[in-house]
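Trainee: Chains as they are written, first to last, in my numbering: chain A, 1 to 110; chain B, 1 to 113.
Just the calculated beta-carbon pair ranges, DEER-fashion:
(1) A:Val52 / B:Asp18: 38 to 48 Å
(2) A:Ala81 / B:Pro81: 38 to 48 Å
(3) A:Gly40 / B:Lys51: 27 to 37 Å
(4) B:Ser82 / A:Ala61: 32 to 42 Å
In silico contact screen, one side only, chain B against chain A (beta carbon under 8 Å); selected entries:
(5) Gln3
(6) Leu33
(7) Asn99
(8) Thr105
Hints were generated in silico from the structure; no laboratory data involved. Where is the CB? At the ideal position from N, CA and C, for every residue including glycine.
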Amino acid sequence: DGGITQSPKYLFRKEGQNVTLSCEQNLNHDAMYWYRQDPGQGLRLIYYSQIVNDFQKGDIAEGYSVSREKKESFPLTVTSAQKNPTAFYLCASSPGYEQYFGPGTRLTVT
Amino acid sequence: GQQLNQSPQSMFIQEGEDVSMNCTSSSIFNTWLWYKQDPGEGPVLLIALYKAGELTSNGRLTAQFGITRKDSFLNISASIPSDVGIYFCAGGGDSGATNKLIFGTGTLLAVQP
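Please model the complete structure; the sequences and the hints are all you need to start from.
Mentor: Rendered as C-alpha cells:
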C-alpha cells in the first residue's frame with residue numbers, strides 16, 4: 001500500500017535526552033514536512049524539504065533538527081534544547097500543494 | 001508564523017443538520033485545501049481548490065474558492081455522527097516557489113445523534 005508511515009505512535013522520553021521520530025513515504029513525493037500540534041491548536045511548521053539533501057527551517061525550528069538523505073525518509077530529531085517538546089508530531093509529503101499526512105507520533109517528555 | 005482565521009471555532013449540531021464554516025486571510029492564495037482530523041490521527045485531505053470562484057463537491061461536502069482569493073468556504077450537508085472531528089483549511093501559493101501551506105486554526109464539529 002502507498003502511504004506515509006510514522007513510528008512509533010507513542011514515545012516517552014526523559015528530559016535532557018534527544019529523540020528521533022521516523023517518517024517514511026513510498027508515494028515518490030519530492031517534498032516532505034514536519035509539523036507540531038499542541039492540544040486545541042492548529043499545525044505549526046517545524047522543517048520542510050523540497051528535495052533530497054536540502055531542507056529549510058519552518059516557523060518553529062529551534063530545538064529541532066532534520067536530515068533528508070533519501071527521498072523516502074525525513075527523520076526529525078527533538079533535541080534537549082527544545083524547551084517544551086511534549087506534543088503531537090505530524091509528518092507530511094506532497095507532489096505539489098496537496099499534502100498527505102502520516103498518522104502522527106505523540107511524544108511525551110517528563 | 002501566519003495562521004488563517006477560521007470560523008466558527010466550534011459547532012455543536014444535531015444529526016441531519018447542514019454545516020457551514022469559512023476561512024479568511026489577509027493574503028491572496030493560489031490554492032485552498034480542506035482537511036479533516038480525527039482525534040489522535042493525521043489530517044485527511046477532503047477537497048482541493050485551484051481556481052478563484054471554483055465550487056467543488058466530494059459527496060456531502062462542498063467547498064468554494066472565494067472570488068477574492070482571500071477566503072474559502074466548506075459546507076457539509078445532512079451531517080452524520082462520523083462527521084465529528086476538527087476541520088482545517090489551508091492556503092498555498094502566497095509566496096515564493098515553495099509548496100508550503102498556511103493552516104487555519106480549525107473548527108471543531110460535534111454531531112449529536
